[in-house]
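K.L.:
Please put together the full structure from these sequences, using the hints given.
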Amino acid sequence: MRGVSDVRFHQQLVSNASFVAFSAQGLFASLLIGTIFGTLGDLTGIEMLGQVGGFAKAVAGPAMALAIGSALAAPPLVLYSLAAVGYAANEAGGAGGPLAVFVVAIVAAELGKLVSKETKVDILVTPGVTVGLGCALALLVGPWVGAAASWLGGLIMWATDLQPFLMGIVVSVLVGAALTLPISSAAICAALGLTGLAGGAALAGCCAQMVGYAAASFADNGWAGVVSQGLGTSMLQVPNIFKKPVTWVPALVASAVTGPVATVVFGLQQNGAAIASGMGTCGLVGPIGLYSGWIADGIVPGVREWLGMGLVCLVIPAVIAWLVAVALRRAGVIEQGDMSLDQ
Numbered sequence: 001m002r003g004v005s006d007v008r009f010h011q012q013l014v015s016n017a018s019f020v021a022f023s024a025q026g027l028f029a030s031l032l033i034g035t036i037f038g039t040l041g042d043l044t045g046i047e048m049l050g051q052v053g054g055f056a057k058a059v060a061g062p063a064m065a066l067a068i069g070s071a072l073a074a075p076p077l078v079l080y081s082l083a084a085v086g087y088a089a090n091e092a093g094g095a096g097g098p099l100a101v102f103v104v105a106i107v108a109a110e111l112g113k114l115v116s117k118e119t120k121v122d123i124l125v126t127p128g129v130t131v132g133l134g135c136a137l138a139l140l141v142g143p144w145v146g147a148a149a150s151w152l153g154g155l156i157m158w159a160t161d162l163q164p165f166l167m168g169i170v171v172s173v174l175v176g177a178a179l180t181l182p183i184s185s186a187a188i189c190a191a192l193g194l195t196g197l198a199g200g201a202a203l204a205g206c207c208a209q210m211v212g213y214a215a216a217s218f219a220d221n222g223w224a225g226v227v228s229q230g231l232g233t234s235m236l237q238v239p240n241i242f243k244k245p246v247t248w249v250p251a252l253v254a255s256a257v258t259g260p261v262a263t264v265v266f267g268l269q270q271n272g273a274a275i276a277s278g279m280g281t282c283g284l285v286g287p288i289g290l291y292s293g294w295i296a297d298g299i300v301p302g303v304r305e306w307l308g309m310g311l312v313c314l315v316i317p318a319v320i321a322w323l324v325a326v327a328l329r330r331a332g333v334i335e336q337g338d339m340s341l342d343q
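Numbering follows the numbering used here, in which position 259 of the sequence shown is assigned residue number 259; successive positions increment by one, without gaps.
These aren't lab readings, by the way, just hints derived from the structure by calculation. Misleading hints may appear alongside valid ones.
The following label-pair restraints were derived from C-beta to C-beta distances [claimed, not checked]: (1) Val264 - Leu40: 28 to 36 Å; (2) Gly232 - Glu118: 37 to 45 Å; (3) Lys243 - Ala331: 12 to 20 Å; (4) Val333 - Gly45: 27 to 35 Å; (5) Pro301 - Glu47: 19 to 27 Å; (6) Leu155 - Ile295: 21 to 29 Å; (7) Trp306 - Gly132: 49 to 57 Å; (8) Val303 - Leu162: 26 to 34 Å; (9) Ile295 - Phe55: 40 to 48 Å; (10) Glu118 - Leu139: 22 to 30 Å; (11) Gly222 - Ala136: 50 to 58 Å; (12) Val333 - Ala296: 42 to 50 Å; (13) Glu47 - Val333: 29 to 37 Å; (14) Trp306 - Pro143: 27 to 35 Å.
Bear in mind that the values here come from a model prediction, so they are computed numbers and not experimental data. Just so it is clear, CB atoms sit at the ideal spot from N, CA and C, and this is done for glycine as well.
P.N.:
This is the structure we're talking about:
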């Protein structure tokens, strides 16, 4: 019976955490893809790509609010009304807009659900309550939520500049762990505005999780696992982590190593879009953000920049995670199939 209870607990934990990840999909479908198009436009000089990127980034608030409403199973009128609420919260929240949207959209969706289909003039009442109260709440609390997020993000960046070695480890491990768990490291970095040296540490930790798992689990998953985890997401390993937590050790060690390498050795600063700091090698968004930051800062990347990117984002995490995994396998702590994705 205990085994069944453990399984149910793990399923509930994944379900609850998945809500946060699901709500971040709106951010991916707007700000993230907009950043990619914008960067491609800058690199190629194709004006249309830049325009597409601008359009996508402009609807980040509504897209995230709609995703939150969908995750909450909001009725159609409530769901569509959240677009205005998301826009208002994102604007009112400033640099911490994504976090403001997250907070305000949840409350607005629940308020709308309370009155949905309760009157004969639902077509007026439901959007009236959702948009009216949601936007009012956005204007009231959005600036405070945004200021708090900006303050926390600024504190993390200040601490990383002050103590790059220690904070390099802390930021890398925590943000990297958030990437593997279904709680969206990208949304966290976007909400806190993590850039600069702290952004570089966050990027290092995320890359270490994805590339680290791809290397550590190669014996179980082969090249298909390299692609699905190295360019997709290390979140695929969550079921294995719940079954056997020690399987997370190689990737966590890789994160702890690459963080200070990024901050101390290379002084790697991620000054592209903050969301890129939490994306790792997913679609190569992290490295693209790093490059776009160089361009925005007027930096012409040389050998040091390219070497830092290659070692931090790819080589070091792959080697470290693979070596730790080999040692744990030889010690009998990790067995064949423990990190298999075909379960």
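K.L.:
State for each hint whether it applies.
P.N.:
Checked hints:
1. Taken as a hint, the range 28 to 36 Å holds for the pair Val264 and Leu40, whose Cβ atoms sit roughly 32 Å apart.
2. Checked against the hint of 37 to 45 Å, the pair Gly232 and Glu118 passes, with Cβ atoms roughly 43 Å apart.
3. For Lys243 and Ala331, the Cβ-Cβ distance of about 18 Å falls inside the hinted range of 12 to 20 Å, so the restraint holds.
4. Look at Val333 against Gly45: about 52 Å separates their beta carbons, and that is not inside 27 to 35 Å.
5. At roughly 24 Å, the beta carbons of Pro301 and Glu47 sit within the given window of 19 to 27 Å.
6. Checked against the hint of 21 to 29 Å, the pair Leu155 and Ile295 passes, with Cβ atoms roughly 28 Å apart.
7. Between Trp306 and Gly132 the CB atoms are about 52 Å apart, so this pair conforms to the stated range of 49 to 57 Å.
8. Taken as a hint, the range 26 to 34 Å holds for the pair Val303 and Leu162, whose Cβ atoms sit roughly 28 Å apart.
9. The hint said 40 to 48 Å for the Cβ distance between Ile295 and Phe55, and at roughly 21 Å that hint is violated.
10. Take Glu118 and Leu139: their Cβ atoms lie about 26 Å apart, and the range 22 to 30 Å holds.
11. As the Cβ distance of Gly222 to Ala136 is approximately 54 Å, the hint placing it in 50 to 58 Å holds.
12. Between Val333 and Ala296 the beta carbon distance is about 45 Å. The supplied range of 42 to 50 Å therefore holds.
13. Checking the proposed 29 to 37 Å range against Glu47 and Val333 shows it is violated: the Cβ atoms sit about 55 Å from each other.
14. For the hinted restraint 27 to 35 Å between Trp306 and Pro143, the CB-CB distance of approximately 41 Å leaves it violated.
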